[in-house]
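S.K.: Based on the sequences and whatever the hints tell you, model everything.
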Amino acid sequence: MKGQEWYQADSVAEEYDDKRFSKGGRLIDRREKRAVLEALAPVEDERVLEIACGTGRFTVMLAERGADIVGLDISDAMLAQGREKARRAGLASTVEFMRGDAARLPFPDDHFDAVFAMRFFHLADTPAKFLAEMARVSKDVVFFDTFRGSSMRVLYNWALPMGSRLYARTEVERLIDGAGLRLRSDDHDFVFPYGFYREVPNSVADPFWSLDQAIGSNVVGEKLSSVSYWTAEV
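Going letter by letter, the sequence shown gives residues 12 to 245 in my numbering.
What the hints contain is simulated information worked out from the structure, not anything from laboratory work.
Dumping the calculated DSSO-like pairs for lysine-lysine here, alpha-carbon to alpha-carbon at most 27 Å:
(1) 150 to 44
(2) 34 to 44
(3) 234 to 44
(4) 140 to 44
(5) 34 to 96
(6) 44 to 96
Computed spacing ranges between beta-carbons, pair by pair:
(7) 143 to 196: 12 to 22 Å
(8) 122 to 194: 18 to 28 Å
(9) 122 to 196: 17 to 27 Å
For glycine and all other residues, C-beta sits at the position ideal for the given N, C-alpha and C.
M.R.: Take a look at the structure:
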């Protein structure tokens with residue numbers, strides 16, 4: 012299955028976290044959560060919207076830190092996982108999960124302090140429309156990640172079960188400008204792509220991460236990185 016069809020399958024939602032964030036994938040989870048927190052902090056009492064919230068990894072994390080957060084997703088199966096995660100964390104009455112289309116957000120202009128999306132733009136068929144909607148409903152921060160076309164991700168992208176869109180920096184800059192946003196900062200991560208870390212034990216992931224950082228910290232680090240984080244402002 013490809014794209015939305017693959018993403019909305021019940022079996023994918025049920026196994027999503029275990030397949031991606033066990034073993035060396037725990038490092039990916041830590042790095043992504045840190046990126047979100049750094050981009051949005053401080054989050055206490057802030058109104059936040061997460062686009063394509065999936066199983067609620069970030070939604071629940073931000074709610075635990077005091078954010079007034081809504082998680083929106085197109086998949087009922089993913090939302091069910093998110094609601095269960097919030098229930099286990101004692102946040103069932105605090106976090107709002109809702110089904111919706113990221114291309115037509117059911118919120119007025121400037122409704123949130125921050126809007127973000129993780130693991131979304133690689134599946135986006137109309138990224139300009141999605142980013143414009145994120146910008147419309149945010150009055151301050153818009154944060155998202157992309158997978159890079161000039162990275163090692165290219166080596167296994169063809170084997171993924173869903174279509175995966177890769178971006179050049181110039182394309183992302185055009186998208187940000189077209190949405191009427193200003194780029195505040197960008198960061199780049201994971202010279203070794205996600206697929207590699209998911210296959211190694213957690214005890215092996217950390218030493219490889221040290222090598223990953225050493226490779227990525229030089230002048231060509233951005234070009235080699237497989238993931239980019241973009242923080243823009245309205």
